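Each of the two chains sits in its own frame; use the hints to bring them together as a complex.
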Amino acid sequence: MGDLIDISAAAAASPPRRVRTPRTRRLSDRTADRLFLGLTGGAAYLVLIVLVGAALSMAWGGRLAFKTFGWSFFTSTQWDAVAHQFSALVPVWGTIVTSLIAIVIAVPVSLGIGIFLTELAPPWLRQPVGTAIELLAAIPSIVYGMWGLFVFVPFMAAHIQPWLIDHLGTMPVIGPLFEGAPIGLGMLTAGIILAIMIIPFITAVMRDVFLATPSVLKESAYALGATRWEVIKDIVLPNSRNAVVGAIFLGLGRALGETMAVTFVLGNAHEFKWSLMEPGNSIAAAIANEFTEADSDIYLSSLIALGFILFVLTFVILALARLLLRATRRAGSEA
Amino acid sequence: MKRMTHRLRLTVLGLALGAGLMGTAQAATEVTGAGSTFVYPILSKWSSDYSQKTGTKVNYQSIGSGGGIAQIKAATVDFGASDMPMKAADLHALGMGQFPSVIGGVVPVANLPGIAPGTLKFTGPVLANIFLGKITRWNDPALVAINPGVKLPDSRITVVHRSDGSGTTFNWVNYLSKVSPEWKSKVGEGTSVSWPTGLGGKGNEGVAAYVKQVPYSLGYVEYAYVKQSKMNYGLVQNKAGKFVEPNAESFQAAAATADWSHAEDFDLVMTDAPGEKAYPVTATTFIIMYKQPKDAARSKAAREFFRWSLESGQSQANALDYVPLPADLVKQIEAYWGANFK
Chain F
1 MGDLIDISAA AAASPPRRVR TPRTRRLSDR TADRLFLGLT GGAAYLVLIV
51 LVGAALSMAW GGRLAFKTFG WSFFTSTQWD AVAHQFSALV PVWGTIVTSL
101 IAIVIAVPVS LGIGIFLTEL APPWLRQPVG TAIELLAAIP SIVYGMWGLF
151 VFVPFMAAHI QPWLIDHLGT MPVIGPLFEG APIGLGMLTA GIILAIMIIP
201 FITAVMRDVF LATPSVLKES AYALGATRWE VIKDIVLPNS RNAVVGAIFL
251 GLGRALGETM AVTFVLGNAH EFKWSLMEPG NSIAAAIANE FTEADSDIYL
301 SSLIALGFIL FVLTFVILAL ARLLLRATRR AGSEA
Chain A
1 MKRMTHRLRL TVLGLALGAG LMGTAQAATE VTGAGSTFVY PILSKWSSDY
51 SQKTGTKVNY QSIGSGGGIA QIKAATVDFG ASDMPMKAAD LHALGMGQFP
101 SVIGGVVPVA NLPGIAPGTL KFTGPVLANI FLGKITRWND PALVAINPGV
151 KLPDSRITVV HRSDGSGTTF NWVNYLSKVS PEWKSKVGEG TSVSWPTGLG
201 GKGNEGVAAY VKQVPYSLGY VEYAYVKQSK MNYGLVQNKA GKFVEPNAES
251 FQAAAATADW SHAEDFDLVM TDAPGEKAYP VTATTFIIMY KQPKDAARSK
301 AAREFFRWSL ESGQSQANAL DYVPLPADLV KQIEAYWGAN FK
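Top to bottom, those sequences are chains F and A. Position 216 of the first sequence, counting from 1, maps to 216 under the working numbering, and the rest follow consecutively. Position 107 of the second sequence, counting from 1, maps to 107 under the working numbering, and the rest follow consecutively.
Hints were generated in silico from the structure; no laboratory data involved. Just so we're clear, the structure is a prediction, and the values are computed from it rather than from any experiment. Any given hint could turn out to be false.
Output of the computed footprint for chain F on chain A, the stretches with three or more beta carbons under 8 Å from beta carbons of chain F [as the list claims (entries may be wrong)]:
#: 1; segment: 57-68
#: 2; segment: 156-166
#: 3; segment: 186-193
#: 4; segment: 276-288
Even glycine gets a Cβ: it sits at the ideal position worked out from N, Cα and C.
Here chain A stands alone, though its shape is the one from the complex (with noise of 0.2 Å):
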């Protein structure tokens, strides 16, 4: 028994020797980047694959869209990634270009006892009147308008949303900055906002949390949340007047009718997509690099391991609940780094 653990030790060492030369000899290029939360389940992924695939390793530190865009302002990576886009005039003059890489969705989620997921239907303004205080329960004549055949509680509406600074939270916000003048103008849009009502939860999860234990509480969270936790969803009326339901063929709708080809350096934010399938709160995470970096190797190097994970990225993109970018979208990428990095 002894000698059989002795030797088993002896094998993992050498093993662990090999795999250590194998590393060191593979490992010819290393790309960093770090920025938003809620592309790294899905970058690591990717970089793991695209490691044992080509040897590059993608080291992704997951900081938030604030500190990414910090960061690659200060070259000490070779990407950064943030779910707010960088204004077009801010990118000329910082030299830096932006693609879109992968998208989601942001649902409104409710604790309704009752109620089966998927039955609600909430419109722009009315989200944004609930979010203001203006509507405070949930047999408000203006919701119960839109929700024919549905028993809606009589009581109080606790809203929920983000406390931390998020990209979540700039989707949403912006949504409702579109589709409500009042909201525009009294709160505004950015990754944390002053709000009008309502609690804050730390993280998608912790939005997520409040509204499971908060009876008849209403918040918003990342699709892959919903899809994951089996909340209770709700439908959210897009542009052409539809009730749609969050899923990927209504986020990659969304998407594909973004008025992208009007947006230099891809400065767009594709909510309130005017598609008759598009999911009104389609949000998109944007890599930011630099046009001519100090270090062209890496980041090409970066470029390939984007271009892998647009092509051919999808199916892992899929099984972790995020949505591919469609086909056109990925062609207007290829023709955009051509045109524009070194």
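One chain only, chain F, in its complex shape (with noise of 0.2 Å):
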């Protein structure tokens, strides 16, 4: 919920003022006012130091395996414990796989759930509609997890796999994504949990953006003469265009982090398949997974080399959001 707390507080922020302090004010007032800067200062510089610590403790951890295999450490597609050879391949391909997978199942319900809800919905809908949505952030991910592994999971093998395997897995490009057996498990189940997990994340921004776009702009519109649908594509899409964005990249960042649900559905194979009907791995499952039992160095610096992996994956991701959040800001007080 931090990242939802701080877009909207970025969006917000606007550039400090000097406040002149008035030559009556008592001493003891401007000690608190220092002690206080000190004190919320220290705090925010605190999470930057252990932000930075922790990437640094990473890379020094995973230093090892980036010395042992060098480049192969992503390109090769091996992990064993017995021959201590290890590489990155399957759970950054994993990871990166289910997470598209969920956004692209995400994006277009969250866009659709936020468009509702702000502008169709009947005014008595909105709020209970609205918090069913937060209520669906707030359930722990192993709970999750648990349902798709024993509900979501027999579902997807005795229905959905099938057809898929059999109307898709035939066709020539894409029919390779949709081969093999109808397990309910792997790639695309995990995704599909992903985007379940992430749709109230982007639609809780997406609904904030849509509520902010400046009524005088749409009531401008309805009275030219335009439809509902003409205010939503011309007026209230354009104007948060970028929001939206910086909405669905936090969400990415999310679903490439999610660990429990994910392990419960992924099947958690070491294998390169690029079919999504088969078990893979993802970065944070294969970490939970072997963490406690990686009985030789090479192998706990391994896996410490994925979490940094992953770190810069979503470091790299929560930048990009971060800039074009920015350019929205920049946008909207140029307007």
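Structure (structure tokens):
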């Protein structure tokens, strides 16, 4: 939830104004002010220090793996604790693919919910549906994982995957993505579960952004005879385009690092397969599964190196989101 | 009503105080251990019974076998517990000794609708070929040949293995290595290996859940899980050529016929034991201790605890679906203590 608050706070923030201290102010007030500044500033810097510290310690912990395997750590598909051969390609691939599936599903759905709740829904419906979506965000991820394994996996195995394999698996080009046996688990299932998990996050931001569209613009458009659809398409969406992209990236960042739910339904197999029906592995799942029994230095180091890669991946995604949000703010202040 | 609750509160407070005082008076010794998750349920049961009886508290943290070995090497605990024996040479170099504690077995479990538990039969090489991905269908001739009269479906076998490092995996692949040269050269053995096929579940419960969810899957779990969750298990052919049901007797038979007398420091994995009635994938957890520890009193207390567990902890073991060591082996362990530990 921190990310969400952060976004609205960032949108509301204005450049700091210098307040001139009146001469009559008592000395104790000024000390208190300084103390307050020191405390809050210290808290803020602490986060930075922790962040840099975490990144450095992961890079340091993974140095043995990076040094031993070099670039093959990113290109080979081997993960063999017996032969002490490790590489990141399979978990990185699994992380990216499941997150992309999640985004492909979650974005249109969230967009739909956001538009419906702000522009189309009758007022009595907005509050309950909005609250329900926020409640979805509060469900612990392990519950999603268990629900996924015991309810959703059998459903996928019985209904969705056989259809996909029969109809899409035989097609040229995209066929290999849908080959295999319908076991219910795998990349696609994990991606769908992730989509359900990130929908509330993306929706919440979109709703706030859509609500922030100046009503003068919307009312003017209606006055000029625009339909609802035209108002949404030409006023609401362009006005919030960058923030929407930012929200998507925040959802992506969350999907990349999700652990428990993915571990339950992904199948945790260190094999490289093109098919989305096959079990795979993700960075977070591999670490959660294997950290406790990683009994050699190089094994442990490889897992920490995986953590570092995930850190860099997430950092890049969030930095992109931040840049887009900054662009929005600039566009907003120009308007 | 109000007065009653007040009095009740006072009584509870008094009891708590009394218990606290008694606790401090009794807790003369405390023993700490860490390692294998497999023995955690029985160790915690034993330690609570033992502390009621003698006042010695045994704190055990189930952090995994690898962690247990690391902790005892660092001497932060009084004993470590590992599902994989340490090499006798390593033990010598570190001044440590080890001994088996309690037996369990690793059992193949399948999801085959319409086939009753305990009817499926496997041989070691067939299991190895399934886990190698060479036998891919249930009606493969090799499976049909050893399962006369069983209607095996024409379906793909989905292999389920552990995704986390585990002593269960170690014993399973150790057995496959013993019976299949190809497994030994291609995959090898360890607490986690590079699986040629299949999907991975976290923990015994993860594998059990996957096997239950995925039709026509085949996995392996600890015996206790099979018993408690009533899964469809199979029999495995032992070295003597018999198909053996996994149960307390066949595990004890394996422990009794395994060649302990030639194994220095009990450095022996008892899979593929030679006995007629021995279940081939029988496993134990090894307790590892320093021979000359810094704190001799605590180490001695730990050994007394294990002496008590091995000699009179059988009923608790049986109740939790563990199998106690056979009496002969307990004698060997006690002789080993006398000869090696201070």
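How the hints compare with the structure:
Check result for the segment 57-68 of chain A against chain F: holds, 5 residues qualifying (beta carbon to beta carbon below 8 Å, three or more required). Three residues within the 8 Å Cβ limit are the bar, and the segment 156-166 of chain A against chain F gives 6, so the coverage statement holds. Figure legend: the segment 186-193 of chain A, annotated as covered by chain F; annotation consistent (7 residues with Cβ-Cβ distances under 8 Å, at least 3 required). For the segment 276-288 of chain A, the stated coverage by chain F is not satisfied: 0 residues place a CB nearer than 8 Å to a CB of that chain, which falls below the threshold of 3.
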